[in-house]
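Peer 1: Read off the chains here:
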Amino acid sequence: MNSSTFSFKHELLVIAVVLAGLAASELAVRAAVMRYGFKVSSNLSKLAQLPTNSARWYRSSDRPRMLLVGNSVAVEGLGDDTPGNSLDPLRDQLSAQAGCEVPLQALVFHEMRAREWYWMVEQRFAQQNRMPELMVICLDSRFARDAGRVKVRLLARFFPWNTRPLIPAVDVPEFGDRVEFVIARYSQCFSIAHNIGDAMLERAFSQAEAIRPLREANNAGGSFRRGVVWAKEMRTFAQQQSSQATDAATETTAGEADPREKNYSRLIALLELAQQHQTHVVCYFMPHRQAYDIPAELSEVIHDHQGVLIDGRTESGLTPADYADDIHLNHDGRLIFTPTFVHRILPELREAVKPR
Amino acid sequence: MLGGYWLLPHRAQNVWLLASSYVFYGTFSWRFLSLIVITTLVDFFVALGIGRTEQQFKRKLLLGISLATNLGLLGFFKYYDFFATQTGTLLGYFGWQVSPWLLQIGLPAGISFYTFQEMSYTIDVYRRVTKPVTNLLNFAIFVCFFPQLMAGPIERWRQLGPQIENPRVRSGSDFVEGLYHILIGLLKKVVIADNMAGLVTAVFTQVSKASVEGTTAQLNGAECFLGVLAFAFQIYGDFSGYSSMAQGIAKWLGFNLMYNFKFPYFAQSPSDFWRRWHISLSAWLRDYLYISLGGNRGSSWFVMRNLLITMLLGGFWHGARWTFVAWGAYHGLLLCTYRLLGDKPDEVSRPIWIRWPKVVLMFGFTLLGWLLFKATSLQQVGLFLQAIFSHWRDSFQVRYILALILFFNLPLMIFEWLQHRAGDDMLWLLGKPWPLRALVYLYIALMLLLFAPDVANEFIYFQF
Chain A
27 MNSSTFSFKH ELLVIAVVLA GLAASELAVR AAVMRYGFKV SSNLSKLAQL
77 PTNSARWYRS SDRPRMLLVG NSVAVEGLGD DTPGNSLDPL RDQLSAQAGC
127 EVPLQALVFH EMRAREWYWM VEQRFAQQNR MPELMVICLD SRFARDAGRV
177 KVRLLARFFP WNTRPLIPAV DVPEFGDRVE FVIARYSQCF SIAHNIGDAM
227 LERAFSQAEA IRPLREANNA GGSFRRGVVW AKEMRTFAQQ QSSQATDAAT
277 ETTAGEADPR EKNYSRLIAL LELAQQHQTH VVCYFMPHRQ AYDIPAELSE
327 VIHDHQGVLI DGRTESGLTP ADYADDIHLN HDGRLIFTPT FVHRILPELR
377 EAVKPR
Chain B
-3 MLGGYWLLPH RAQNVWLLAS SYVFYGTFSW RFLSLIVITT LVDFFVALGI
47 GRTEQQFKRK LLLGISLATN LGLLGFFKYY DFFATQTGTL LGYFGWQVSP
97 WLLQIGLPAG ISFYTFQEMS YTIDVYRRVT KPVTNLLNFA IFVCFFPQLM
147 AGPIERWRQL GPQIENPRVR SGSDFVEGLY HILIGLLKKV VIADNMAGLV
197 TAVFTQVSKA SVEGTTAQLN GAECFLGVLA FAFQIYGDFS GYSSMAQGIA
247 KWLGFNLMYN FKFPYFAQSP SDFWRRWHIS LSAWLRDYLY ISLGGNRGSS
297 WFVMRNLLIT MLLGGFWHGA RWTFVAWGAY HGLLLCTYRL LGDKPDEVSR
347 PIWIRWPKVV LMFGFTLLGW LLFKATSLQQ VGLFLQAIFS HWRDSFQVRY
397 ILALILFFNL PLMIFEWLQH RAGDDMLWLL GKPWPLRALV YLYIALMLLL
447 FAPDVANEFI YFQF
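Protein chains in written order, with this note's numbering: chain A, 27 to 382; chain B, -3 to 460.
Among the clues, some could well be false.
To be verified - With beta-carbon atoms standing in for the labels, derived distance ranges: (1) B:ALA399 - A:ALA74: 26 to 32 angstroms; (2) B:VAL356 - A:ASP337: 55 to 61 angstroms; (3) B:TRP318 - A:SER167: 32 to 38 angstroms; (4) B:LEU406 - A:HIS303: 51 to 57 angstroms; (5) A:ALA322 - B:THR201: 28 to 34 angstroms; (6) B:LEU406 - A:ASP337: 47 to 53 angstroms; (7) B:THR201 - A:SER167: 17 to 23 angstroms; (8) B:ILE34 - A:SER71: 54 to 60 angstroms.
As the list claims (entries may be wrong) - Computed from the model, here is a short list of chain A residues facing chain B with C-beta under 8 angstroms: (9) HIS36; (10) GLU37; (11) VAL40; (12) VAL43; (13) VAL44; (14) GLY47; (15) LEU48; (16) VAL208; (17) TYR212; (18) PHE216; (19) ALA219; (20) HIS220; (21) ILE222; (22) MET226; (23) THR366.
Said to hold, decoys possible - Computed cross-link-like contacts, DMTMM-like style, restricted to lysine to aspartate or glutamate with a CA-CA straight-line distance of at most 20 angstroms: (24) B:LYS428 - A:GLU37; (25) A:LYS65 - A:ASP224; (26) B:LYS205 - A:ASP351.
Think of the hints as simulated: they come from the structure by calculation, not from any bench.
These numbers come from a predicted model, not from an experiment.
In this text, a Cβ means the ideal position worked out from N, Cα and C, and glycines have one as well.
Work out the full structure: start from the sequences and follow the hints.
Peer 2: Structural data, given as structure tokens:
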């Protein structure tokens, strides 16, 4: 192309068509969200329903209330993450062992960390005076840290800065993330674009149907090989690896200042929030197929803030065959783990209702 | 920033370019900025010295200083740990247990590219192809021009130099062309390479795990094959995407960079492939290594020796690992084999039924090469090959990976095929009616919006 073939008018038209296309996408997404909600992903749907669910739970529940905070680790460790019955096995165990019904609210999402957990609890529970008597944080060492990629778009969409400003240095430390945050704040399409993309792929290749027999075979301890990376998660697998590498890199530079403040500031904030509202906190370190460490400063952080650390990394009875992959338990594993989990939580539940 | 750049007079633009390039490099690795400054000064003064003397001995000595500086730095930072470890292992075989001292520091970013670019300059001055530059500022920009500093293309002074020395002209067509390159580059890197990365990591991790757990018999050859196929698109999207974006940004600054890729997966033979893949490195190796070794002169065996040496060193340029050496050797052998079989210059005008079988065969050979390139050890290569040739079975995962590969890559491949069919016209789209361009750009924008992974992966070639 040379300057003689260049047409300014045509370039403007090209740009106008692209902008019109993007504007149309935004309108379409907004219309779909108004009509159907955030059904495009279970994560988004749960986040969107959180204000209503937490209000209903708090209004209709008797003490002691228990709030479960965690990721798929918690879901896969306790029950199937399918609508309607996600935590039923846990509820049943709790009722059976406690001898009464324990109202349970779960903040269980996918690939979130202390930063997102803090804002969920702060905005949807603490600010509304709905803090429970017991908060159980199901985690591993990695998810307790500030490091790693924050879910910028979810923060922007579901935890806006209307009432309590996010702290840029902690929550959105990178310049690129801040730009993303601002765009996601004002563009519905941008904020949930990844979920739309994933849903499109899932629908296009009907993987949900195809994966079910494999999952069932695996759950039943069938011949499907251990350590398999589910096709569903392949696109995000490399990202998890990247974030682990980032964590490892941050770990090596964590010697400066106070490593506790540097590494766990959002977990500390969450624990302090619980202290302010007299909520008893348990940090339950979940079992993984491969061993991981609990850094000494993390234990100190939990103890210094009156949290209880339960080391569930090596629950008796669990073998490598009880895992669906490196982190998640399969059906057999869940059958073993859930009663143990409840057994270890129960004393803390009793502790939580004692007057302070 | 761009607006400000174009408001400046020519010399101030150059100062701005140098400052921006140093700041840009400094954000990646400020500690190694001094290396760029040192090599810039050494090569600038060495070239001046070569230009001022007619004594062959002095000219050779000065060239030797330049080569020793560049290759010395490259060798020290890139290969020292490798050779130290290998020596330790070798001595261990003879019963001497040695724990060599290792650097264990990261490779200075872009060092393989800017040292080669500088060497091309001093060699050209030595060969009297290029006159020495007398302006240090201009030469410093040539060395560290930020769009192509980290991963090329490896430019020559005779191509880039005049653009630095002479005032640049702003034009609307440059903006249009730049935008086109940047959008294509983003599509290749963010949508294609970063999405393929997930599949590649998953498959290669699975093979590594199987190797550790002793369950290699359960590996599915079809999955392994698709993992390699995904890597072929990942590395192409990653590297050509970078080159394309570099070209686009340079265009907005008024510079023309060379094309580093020209539809390599439509190559019909190894020589054709290397005329299309990482063109600036291939041309460098041809001009400064292959020709120096004797090139095409001499007997067939002599020529093939030259080819093998060139490709071996080309493989080793990518990194201190035996798999890279094997990759280079493999391509060297391919070039020799095709040469023995009478490889002729390829013609796009040949009938399609002659061309496509050759393209498919060459793509198959390229895939085998990528397996060598990506694998962490020759043992892993063996595991892949064993699985691919013995345990091929259908599964949901196979269909899923294949569907994803097609979903992300097929539109680009069709687009590239149209460009290839039009005589390798890299700007084919810009000559088409504007509505078609608008649709392509809209497709790119929507793909970027919906399918850009949450976490971006670093460019693969940054590690070289």
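Peer 1: Please go over all the hints and tell whether each is borne out by the structure.
Peer 2: Comparing the hints with the structure gives:
1. B:ALA399 - A:ALA74: 26 to 32 angstroms: 30 angstroms, holds
2. B:VAL356 - A:ASP337: 55 to 61 angstroms: Check passed, 57 angstroms falls within 55 to 61 angstroms.
3. B:TRP318 - A:SER167: 32 to 38 angstroms: 35 angstroms, holds
4. B:LEU406 - A:HIS303: 51 to 57 angstroms: Between B:LEU406 and A:HIS303, where Cβ atoms are some 55 angstroms apart, the hint holds.
5. A:ALA322 - B:THR201: 28 to 34 angstroms: The hint (28 to 34 angstroms, Cβ to Cβ) holds, given that A:ALA322 and B:THR201 are roughly 30 angstroms apart.
6. B:LEU406 - A:ASP337: 47 to 53 angstroms: 50 angstroms, holds
7. B:THR201 - A:SER167: 17 to 23 angstroms: 21 angstroms, holds
8. B:ILE34 - A:SER71: 54 to 60 angstroms: 58 angstroms, holds
9. HIS36: Cβ of A:HIS36 sits 4 angstroms from chain B, so the hint holds.
10. GLU37: 6 angstroms, holds
11. VAL40: For A:VAL40, the interface hint holds, since the closest Cβ of chain B sits about 4 angstroms away, which is under 8 angstroms.
12. VAL43: 4 angstroms, holds
13. VAL44: 5 angstroms, holds
14. GLY47: 4 angstroms, holds
15. LEU48: 6 angstroms, holds
16. VAL208: Cβ of A:VAL208 sits 16 angstroms from chain B, so the hint is violated.
17. TYR212: 14 angstroms, violated
18. PHE216: 7 angstroms, holds
19. ALA219: 5 angstroms, holds
20. HIS220: 6 angstroms, holds
21. ILE222: Check passed: Cβ of A:ILE222 comes within 6 angstroms of chain B, closer than 8 angstroms.
22. MET226: 7 angstroms, holds
23. THR366: Hint violated; A:THR366 Cβ to chain B Cβ min 27 angstroms, cut 8 angstroms.
24. B:LYS428 - A:GLU37: 12 angstroms, holds
25. A:LYS65 - A:ASP224: 12 angstroms, holds
26. B:LYS205 - A:ASP351: 12 angstroms, holds
Comparing the model with each numbered hint stated earlier shows that hints 16, 17, 23 do not hold.
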